[in-house]
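There are 2 protein chains.
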Amino acid sequence: MRRSMAALAKTVLKDDGHVVRRVAIVGGTHGNERNGIFAARHLLKDTKRASRSTFETTVDLANPAAIAVNRRYVDEDMNRCFSREMLGRKATSREARRAEVLDQALGPKAAEERRMDLVIDLHNTTSDCGYALMMRRDDALSHALCATLQKQYEDVRCCEWDDKPDHATLPSCGRSGFTLEVGPVPQGVADAVTYQKTLELIDSILDAVEARNQALLSQKSSVTLEPLEVYRRVDHVDFPRDDDHVVAGLIAPEVIDFKPLEPGQPLLLGLDGECVKTHGESDLTPFFVNEAAYYEKGVAFVLAEVAEVGVEVVS
Amino acid sequence: MRRSMAALAKTVLKDDGHVVRRVAIVGGTHGNERNGIFAARHLLKDTKRASRSTFETTVDLANPAAIAVNRRYVDEDMNRCFSREMLGRKATSREARRAEVLDQALGPKAAEERRMDLVIDLHNTTSDCGYALMMRRDDALSHALCATLQKQYEDVRCCEWDDKPDHATLPSCGRSGFTLEVGPVPQGVADAVTYQKTLELIDSILDAVEARNQALLSQKSSVTLEPLEVYRRVDHVDFPRDDDHVVAGLIAPEVIDFKPLEPGQPLLLGLDGECVKTHGESDLTPFFVNEAAYYEKGVAFVLAEVAEVGVEVVS
Numbered sequence: 001m002r003r004s005m006a007a008l009a010k011t012v013l014k015d016d017g018h019v020v021r022r023v024a025i026v027g028g029t030h031g032n033e034r035n036g037i038f039a040a041r042h043l044l045k046d047t048k049r050a051s052r053s054t055f056e057t058t059v060d061l062a063n064p065a066a067i068a069v070n071r072r073y074v075d076e077d078m079n080r081c082f083s084r085e086m087l088g089r090k091a092t093s094r095e096a097r098r099a100e101v102l103d104q105a106l107g108p109k110a111a112e113e114r115r116m117d118l119v120i121d122l123h124n125t126t127s128d129c130g131y132a133l134m135m136r137r138d139d140a141l142s143h144a145l146c147a148t149l150q151k152q153y154e155d156v157r158c159c160e161w162d163d164k165p166d167h168a169t170l171p172s173c174g175r176s177g178f179t180l181e182v183g184p185v186p187q188g189v190a191d192a193v194t195y196q197k198t199l200e201l202i203d204s205i206l207d208a209v210e211a212r213n214q215a216l217l218s219q220k221s222s223v224t225l226e227p228l229e230v231y232r233r234v235d236h237v238d239f240p241r242d243d244d245h246v247v248a249g250l251i252a253p254e255v256i257d258f259k260p261l262e263p264g265q266p267l268l269l270g271l272d273g274e275c276v277k278t279h280g281e282s283d284l285t286p287f288f289v290n291e292a293a294y295y296e297k298g299v300a301f302v303l304a305e306v307a308e309v310g311v312e313v314v315s
Numbered sequence: 001m002r003r004s005m006a007a008l009a010k011t012v013l014k015d016d017g018h019v020v021r022r023v024a025i026v027g028g029t030h031g032n033e034r035n036g037i038f039a040a041r042h043l044l045k046d047t048k049r050a051s052r053s054t055f056e057t058t059v060d061l062a063n064p065a066a067i068a069v070n071r072r073y074v075d076e077d078m079n080r081c082f083s084r085e086m087l088g089r090k091a092t093s094r095e096a097r098r099a100e101v102l103d104q105a106l107g108p109k110a111a112e113e114r115r116m117d118l119v120i121d122l123h124n125t126t127s128d129c130g131y132a133l134m135m136r137r138d139d140a141l142s143h144a145l146c147a148t149l150q151k152q153y154e155d156v157r158c159c160e161w162d163d164k165p166d167h168a169t170l171p172s173c174g175r176s177g178f179t180l181e182v183g184p185v186p187q188g189v190a191d192a193v194t195y196q197k198t199l200e201l202i203d204s205i206l207d208a209v210e211a212r213n214q215a216l217l218s219q220k221s222s223v224t225l226e227p228l229e230v231y232r233r234v235d236h237v238d239f240p241r242d243d244d245h246v247v248a249g250l251i252a253p254e255v256i257d258f259k260p261l262e263p264g265q266p267l268l269l270g271l272d273g274e275c276v277k278t279h280g281e282s283d284l285t286p287f288f289v290n291e292a293a294y295y296e297k298g299v300a301f302v303l304a305e306v307a308e309v310g311v312e313v314v315s
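Chains A and B, in that order, are what the protein sequence lines are. Numbered according to full-length UniProt numbering, the first sequence spans residues 1 to 315. Numbered according to full-length UniProt numbering, the second sequence spans residues 1 to 315.
Treat the hints as calculated values from the structure; they're not laboratory data. Quick caveat, the model's predicted, so the values are computed rather than measured.
Treat identical chains as interchangeable: a pair holds within one or across any two.
With a straight-line Cα cutoff of 27 Å, these simulated DSS-like cross-link-like pairs (lysine-lysine) come out:
1. K277 x K45
2. K45 x K297
3. K48 x K277
4. K277 x K197
5. K109 x K90
6. K197 x K259
7. K48 x K197
8. K197 x K151
9. K10 x K259
10. K297 x K90
Given these sequences and hints, build the entire structure.
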């Protein structure tokens, strides 16, 4: 492997040279996010579409019980069941039991070697996030795939999860993996334009994995270092709430996904329309603005630091 | 009352000269439609906002059990519980029992005289319907209020329910009444801009009722006949479904709320993106396109005939 790399004063995510042998595409981790459910159903039927010569692709629906009733979850949020801590407990909910099964198929996290080299978990969100890949901060392959996608699609963004050692999301079971969030899409709804674009993005991701594999297998691969803008989750803001903790306010219209906050701009409004919280700082950027499922989690929007990292891309 | 009326070759909805004494504003008939829930909560707190000199306004939340769990309903859709047939049965579900209580407060439908002269039921929809008032075909007051609103707001539309003798919706309990649909708003979400506009529309509706009352009470009222474009619900189209009746397709992007269908345009797509149904006729117009709650009801979108009616407006 030949490396051409300028010295850059930033984080560099180094490609590990590992050929991707198994990719998992998963829909329906949340049972009311139809975009990913429909995409997974299509790929289960049209098996050729997700096939490539150098790796095996499996497609699955994560939470059939929740899909059947068109709800995010039946007992508890499955996408919070994949931490080592949760997987180490005796599972009591339907989602936790199903998470154990999926962890065996994708990971398992407890093992050094993971069954899946790459896990793509298909979600949708009511926030106006466009197409956002959400990943671990140290996941070099996922970052490189995102950098490759950005050359084709200007509305694709890279988001990084919290800096925690033990993530609880489904794609964290794989060696690499990310959540593909698309929005705005209401819960329970699929939109044809967003759906078609999601399938296109999946095609492009699988093509990029295939191209990297081919390069690595050819013994003539080269590595370039490419800049990638990342939105690094650092905090969140809750809704205004009344004395019974019931949501009693709204997100100010000026708070827009991936638009940096201005000093002093309104963040939250009361039901009477009065501003109840203004923002004093200017160095943070919101995303997941008004995601329906986050009302119960106490998140009106997430706050991110914007950073540039260097990503090794193999070709 | 002085009437100035040109002879028009169309339906004329005559004002009955009845002073409005009681108005009910209701939110949360569907527990995950936060826009109306938030508006009702605000009006319950700011009681002056919905007060006018000539009538009494009551504000209520229709389905607190569904609101508490952020779902459309707990046992069954409450907005299908208000038919005479349903109200005549022994109520077995939580929604049907609550519908009986509400029917006593708003109607009752079984009585000749109704307690409420006007019922405004606040909903939101994932469809891109803008601001649409949904009403009985013979409800002169609601049509007149819609005609008045359209002078102030160009994105307000009048829709008419099916031509059935026994409607099952909450506002059908009142002497007059309509559903105020606003969209697109995802389930479980409130959007500040839509919310503020909803409150403005409510203000304007109450102002229009007050002005009509004042005119009638002054004994110097006049009546003008005004044209109103109405979308008359006549049919609907279901999603493509697989052998197990599971939704297996999408609404074509060309199907847009209140945009007349073109002959031969695609209506529905399969999950592979292929057109599975084209439309041969051109005289119908869709609305409620991709309303999340209608997947279970077998409605991808509603089809309407567009008609012009004459509405008597008192001033």
